[in-house]
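Asks: Can you make the complete structure from the sequences, with help from the hints?
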Amino acid sequence: MKKGFTLIELLIVLSIIAALMSVATPVGINALAQAKATNVAGNFRTLYQAVVQMLMLEQNPPTSGDILDYLVKNNYISTKPNGFEITYKVENGKEFYRIRYINSDVDVLKVKSVNTMISLDESNKLIIDIPRK
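Position 53, counted from 1, in the sequence shown is what my numbering calls 90; the numbers after and before it change by one each time, with no gaps.
Rather than coming from a laboratory, the hints here were simulated on the basis of the structure.
Treat the hints with care, as some may be off.
With a straight-line cut-off of 25 Å between C-alpha atoms, the simulated DSS-like cross-links for lysine-lysine are [claimed, not checked]:
no.	residue 1	residue 2
1	K170	K73
2	K73	K117
3	K110	K149
4	K40	K147
5	K149	K117
6	K40	K73
7	K162	K147
8	K73	K39
9	K162	K40
10	K110	K126
11	K126	K162
Replies: Rendered as structure tokens:
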């Protein structure tokens, strides 16, 4: 008598593995999306705190140029996070700094659920506005 698996037994095992993979793959993808959203929200929080600290300590904070580089050079943050920009704006007589995530690689709703201070601008990019005064 020969020992081994029959073709039917192998097909059953393969179908069970395929069924498990079809369940596990979406869970894994969702976990990666949530991790990315949490990372972006954390970077928003870090940049927000850095800008607030800069406004409290600086007599004349920068209103032009690369404000992210300024924050790194003056040790408000240790590294420049990818996908972010900080600009100084004046709209309707109000001065503020805008932190903006310019990439489109994250689920906006997931980020907003992690950090409720975040909103969307007119081009559906994630932003936080910080008043200068």
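Asks: Given the hinted pair K40 and K147, is their Cα-Cα distance within 25 Å?
Replies: The given pair, whose Cα atoms are some 53 Å apart, is violated under the 25 Å limit.
Asks: For a C-alpha distance cap of 25 Å, please report whether K110 and K126 respect it.
Replies: Answer holds: K110 to K126 is near 22 Å, not above 25 Å.
Asks: Can you confirm whether the C-alpha distance between K73 and K117 stays at or below 25 Å?
Replies: holds (17 Å)
Asks: With a cut-off of 25 Å on the C-alpha distance, tell me whether K170 and K73 pass.
Replies: Violated - the C-alpha atoms of K73 and K170 are around 32 Å apart, more than 25 Å.
Asks: Do the alpha carbons of K73 and K39 lie within 25 Å of each other, as the hint requires?
Replies: violated (52 Å)
Asks: Holds or violated: are the alpha carbons of K149 and K117 at most 25 Å from each other?
Replies: Measuring from Cα to Cα gives roughly 21 Å; hence the hint holds.
Asks: K40 and K73 were given as a pair; does the straight-line alpha-carbon distance stay at or below 25 Å?
Replies: It is violated: about 49 Å lies between the C-alpha atoms, which goes past 25 Å.
Asks: Assess, step by step, whether the Cα of K162 is no farther than 25 Å from the Cα of K147, and give holds or violated.
Replies: holds (13 Å)
Asks: Against the 25 Å threshold, does the CA-CA distance of K110 and K149 hold or violate the hint?
Replies: violated (29 Å)
Asks: K126 and K162: Cα distance at most 25 Å?
Replies: holds (16 Å)
Asks: K162 and K40: Cα distance at most 25 Å?
Replies: Given pair K162, K40 is violated - Cα atoms ~62 Å apart, limit 25 Å.
Checked against the numbered hints above, the structure breaks hints 1, 3, 4, 6, 8 and 9 and satisfies the rest.
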